[in-house]
Amino acid sequence: MNFSSFSEFMAMGQHGLYVWSAYGISIAVLLLNVGLPWLAKRRYLQDEARRMRREEKR
Amino acid sequence: MSNVFVLLFAREARLLCRRPAELANPLVFFAIVIALFPLAVGPETQLLQRISPGLVWLAALLAVLLSLDGLFRGDYEDGSLEQWVVSPHPLALLVLAKVLAHWVFSGLALVILAPLLGLMLGLPGSAMPVLLLSLLLGTPVLSLLGAVGAALTVGLKRGGLLLALLILPLYIPVLILGSGALQAALQGLPAAGYLLWLASLAALALTLTPFAIAAGLTISVGE
Amino acid sequence: MNWTWFHKLGSPKWFYEISGRWLPWLGWAALVLISVGLVWGLAFAPEDYQQGNSFRIIYIHVPSAFLAQSVYVMLAVAGLVGLVWKMKLADVALQQAAPIGAWMTCIALLTGAVWGKPTWGSWWVWDARLTSMLILLFLYFGVIALGHAITNRDSAAKACAVLAIVGVVNIPIIKYSVEWWNTLHQPATFKVTEKPAMPVEMWLPLLVMVLGFYCFFAAVLLMRMRLEVLRRESRASWVRSEVRALTEGER
Numbered sequence: 029m030n031f032s033s034f035s036e037f038m039a040m041g042q043h044g045l046y047v048w049s050a051y052g053i054s055i056a057v058l059l060l061n062v063g064l065p066w067l068a069k070r071r072y073l074q075d076e077a078r079r080m081r082r083e084e085k086r
Numbered sequence: 607m608s609n610v611f612v613l614l615f616a617r618e619a620r621l622l623c624r625r626p627a628e629l630a631n632p633l634v635f636f637a638i639v640i641a642l643f644p645l646a647v648g649p650e651t652q653l654l655q656r657i658s659p660g661l662v663w664l665a666a667l668l669a670v671l672l673s674l675d676g677l678f679r680g681d682y683e684d685g686s687l688e689q690w691v692v693s694p695h696p697l698a699l700l701v702l703a704k705v706l707a708h709w710v711f712s713g714l715a716l717v718i719l720a721p722l723l724g725l726m727l728g729l730p731g732s733a734m735p736v737l738l739l740s741l742l743l744g745t746p747v748l749s750l751l752g753a754v755g756a757a758l759t760v761g762l763k764r765g766g767l768l769l770a771l772l773i774l775p776l777y778i779p780v781l782i783l784g785s786g787a788l789q790a791a792l793q794g795l796p797a798a799g800y801l802l803w804l805a806s807l808a809a810l811a812l813t814l815t816p817f818a819i820a821a822g823l824t825i826s827v828g829e
Numbered sequence: 003m004n005w006t007w008f009h010k011l012g013s014p015k016w017f018y019e020i021s022g023r024w025l026p027w028l029g030w031a032a033l034v035l036i037s038v039g040l041v042w043g044l045a046f047a048p049e050d051y052q053q054g055n056s057f058r059i060i061y062i063h064v065p066s067a068f069l070a071q072s073v074y075v076m077l078a079v080a081g082l083v084g085l086v087w088k089m090k091l092a093d094v095a096l097q098q099a100a101p102i103g104a105w106m107t108c109i110a111l112l113t114g115a116v117w118g119k120p121t122w123g124s125w126w127v128w129d130a131r132l133t134s135m136l137i138l139l140f141l142y143f144g145v146i147a148l149g150h151a152i153t154n155r156d157s158a159a160k161a162c163a164v165l166a167i168v169g170v171v172n173i174p175i176i177k178y179s180v181e182w183w184n185t186l187h188q189p190a191t192f193k194v195t196e197k198p199a200m201p202v203e204m205w206l207p208l209l210v211m212v213l214g215f216y217c218f219f220a221a222v223l224l225m226r227m228r229l230e231v232l233r234r235e236s237r238a239s240w241v242r243s244e245v246r247a248l249t250e251g252e253r
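Quick mapping for you: the protein sequence lines, in order, are chains A, B and C.
Count the first sequence with this note's numbering and you get residues 29 to 86, in order.
Count the second sequence with this note's numbering and you get residues 607 to 829, in order.
Count the third sequence with this note's numbering and you get residues 3 to 253, in order.
Just chain A, same shape as in the assembly:
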């Protein structure tokens, strides 16, 4: 461990704002990259299921 306390870890030796904002942005973008295709897949499956049900009724 490079830091002796949690507050020191958060402060990152006066660079806390930069380090944490850079990591925050990056993790948000990574999650976005997973989330968007996941949502798109769910929407596609719902649409497709509805379409199939409609076709079955006919």
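Worth flagging that the hints you see were computed from the coordinates, not collected in a lab.
Just so you know, these numbers come straight off a predicted model, no measurement behind them.
Where is the CB? At the ideal position from N, CA and C, for every residue including glycine.
There may be inaccurate statements among the hints.
Said to hold, decoys possible - Below, a list of computed lysine to aspartate or glutamate pairs in the DMTMM-like style, where the Cα atoms sit at most 25 Å apart:
1. Lys85/A / Glu244/C
2. Lys119/C / Glu36/A
3. Lys119/C / Glu49/C
4. Lys69/A / Glu230/C
Claimed, not checked - Sample of chain B residues with no beta-carbon within 12 Å of chain C, all distances over it, derived:
5. Asn609
6. Ala616
7. Ala619
8. Arg624
9. Glu650
10. Gln652
11. Leu664
12. Gly685
13. Pro696
14. Pro735
Let chain A serve as the given structure and place chains B and C on it in line with the hints.
Just chains B and C now, kept in the frame of chain A:
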């Protein structure tokens, strides 16, 4: 085979001569852009001279880009492009003739106009040979690279802006080398290295881009 | 050499099945590697003697920059495969990988800017690496915009392939010319990402992060490609039964 090249070149030249207004438009654009800069940043000769290398090159780059938008449009609309694609002659050779004819009329005119505008920006006479040479070597690269984008976007209704988006990043090396050569000449440093690099880029573009243009046209026609 | 696997790749159904088996492994590998790399890089790696703790941004900046560049090369390779062997799956890969590459370039640029503030004192410096990254982002935008502009699916993929190949030939030229331009206009400044000799405890977490990012890319790419394959083959019977199976599990 070389016969086809000459014939097509002559045809393109004749077609371009019949529409002088279209040829003049990029040149006028070039002159206007250069005239806008002193109005925007102020008329101080020193400042203008310092930014003139970048200015001349940026304006030339935009003018070439603008002139390329309609490069294949006419041929696409009247169907001659399809004839090219199915003809027994290599398509790369045909497009090379087309692009070179276009460059001789628009790019070369730009090169001839440039010293005049350079003088207005306060470029010294000693920098003129470098200006001419760098533009002479650089504008064919701009035309050839731009033709790749024009070939890919010819089938699209509003391809003009897309063409700029596709091609401008690829123009960066030419911009850097061209304005670098001029900057060196302005400071009295040797510019031969830049010019040689520009020449090698031109050779590279001349040999490789015709194939990319041909591939792009085949895709656009096949759509 | 046995080439049947290569020809099998042309079959969407086969791809869907095999990728479904790989996806969980890649996803978990990405999660574990990135988590380990994050904790290691943030808490355990020693601080840099010059930059202090701000250097820890390297653990996301460098992997994303690596990935951004290799994804563009991958686009060109996929484009070449699609053009030469007319493989539809390569077209799908090309168009699905481009947005991920653009996002990675965004991460590299944003973290580079944030890193620049404590190091150079300003958010943006026309440093050679950052400038090349910015140009790479524009190249990605070009591929994405061209793909969206052409309505015919197959021509869009082919056009993107040509553009990606032209771009890949240009990337080294752009990179060198930008570096040259940079040394010309400003004397060699302190380079963030160029460390003469990094101690093991510093580059090991970096290696873990790079591997994690590659796994992440592979997993997200497979996710996107699987969805696109389902969309394209929506009339096939295996897709119908797959959709039925997936939606019934939800209800």
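Here is how each hint holds up against the structure:
1. Lys85/A / Glu244/C: Since the Cα atoms of Lys85/A and Glu244/C sit roughly 20 Å apart, the hinted pair holds (cutoff 25 Å).
2. Lys119/C / Glu36/A: Holds, at roughly 21 Å.
3. Lys119/C / Glu49/C: Distance ~18 Å between Lys119/C and Glu49/C Cα, so the pair holds.
4. Lys69/A / Glu230/C: holds (9 Å)
5. Asn609: Non-interface label stands for Asn609/B: nearest chain C Cβ at 29 Å, farther than 12 Å.
6. Ala616: holds (29 Å)
7. Ala619: For Ala619/B, whose nearest Cβ neighbour in chain C is about 27 Å away, the distance exceeds 12 Å, so it holds.
8. Arg624: At about 31 Å from chain C, Arg624/B clears the 12 Å cut-off, so the statement holds.
9. Glu650: Holds, since 21 Å exceeds 12 Å.
10. Gln652: holds (18 Å)
11. Leu664: Answer for Leu664/B: holds, closest chain C Cβ roughly 14 Å.
12. Gly685: For Gly685/B, whose nearest Cβ neighbour in chain C is about 18 Å away, the distance exceeds 12 Å, so it holds.
13. Pro696: Per Cβ check, Pro696/B is outside 12 Å of chain C; nearest 17 Å; holds.
14. Pro735: holds (21 Å)
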